[in-house]
Amino acid sequence: QVQLIQSGAEGKKPGASVKVSCKASGYNISTHYMHWVRQAPGQGFEWMGIMNPSGGNPRYAQKFQGRITMTTETSTSTVYMELTGLESEDTAIYYCARGYGIGCHLCIHNWLDSWGQGTLVTVSS
Amino acid sequence: DIQMTQSPSSLSASVGDRVIITCRASQGIATYLAWYQQKPGKAPNLLIYGASTLQSGVPSRFSGSQSGTAFTLTISSLQPEDVATYYCQKYDRAPFTFGPGTKVDIK
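Residue numbers (my numbering), protein chains in the order written: chain A, 1 to 125; chain B, 126 to 232.
What the hints contain is simulated information worked out from the structure, not anything from laboratory work. Wrong hints could be hidden among the right ones.
As the list claims (entries may be wrong) - Distance condition first, Cα-Cα at most 25 Å in a straight line; then the derived SDA-like pairs of lysine to any residue: (1) Lys19(A) - Lys228(B); (2) Lys63(A) - Lys232(B); (3) Lys63(A) - Ala168(B); (4) Lys164(B) - Asp113(A); (5) Lys164(B) - Gln3(A); (6) Lys167(B) - Glu10(A); (7) Lys167(B) - Gly66(A); (8) Lys167(B) - Cys104(A); (9) Lys167(B) - Gly15(A); (10) Lys12(A) - Ile145(B); (11) Lys167(B) - Ser88(A); (12) Lys63(A) - Gln152(B); (13) Lys23(A) - Ile127(B); (14) Lys63(A) - Val18(A); (15) Lys164(B) - Ser77(A); (16) Lys167(B) - Thr78(A); (17) Lys228(B) - Glu46(A); (18) Lys232(B) - Asp113(A); (19) Lys232(B) - Thr76(A).
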């Protein structure tokens with residue numbers, strides 16, 4: 001079955017960067033988009049961006065433009081999300097999630113059908 | 126960007142009650158609307174996509190409907206295991222914005 005396994009919790013100082021990994025199994029990573037979503041403590045979800053693991057330019061939410069990078073290592077079916085210039089407001093659980101659509105590969109209209117377990121990133125001095 | 130709102134923000138109902146959660150888009154998004162359930166300390170779980178299509182394995186007491194830019198998630202008979210926060214999300218185009226969530230608990 002589809003599984004997304006994320007890297008472990010991270011503690012960072014303000015101004016630092018964090019890189020979270022998400023290893024996919026149970027399907028061909030090249031056939032579906034991957035999203036990154038975060039959830040601050042006690043808050044709702046914030047969509048961060050979407051990437052095509054096969055290549056091409058990711059689409060980032062305006063809020064994160066300039067300090068987020070999403071990349072893929074297809075040989076290991078792993079996607080990465082790096083966020084730079086961390087602030088305390090970036091303290092959150094970060095999730096990767098597969099974008100799925102019916103009857104197409106890399107469907108433009110895709111919902112999040114499988115999620116990683118989440119990675120807690122804590123930013124504190 | 127299109128904004129997503131949800132109402133109510135929280136509700137308390139008895140076991141067996143019918144529960145209705147509403148999500149509204151500030152502009153048309155056709156049927157590109159999904160619903161997710163998140164239990165405390167867990168990752169979200171997809172319930173419905175395409176505004177009204179039940180994800181495989183989701184109990185049939187969950188259903189979704191649409192009227193224009195207003196979408197509803199209905200739990201026909203609330204069960205104790207349905208205690209969770211429910212989120213809608215649009216996926217017509219980026220940004221794939223989520224609603225603020227509706228917390229459901231048992232009275």
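Any hints this thing doesn't respect? Which numbers, in order?
Violated hints (numbers, rising): 1, 2, 7, 8, 9, 10, 13, 15, 18 and 19; every other hint is consistent with the structure.
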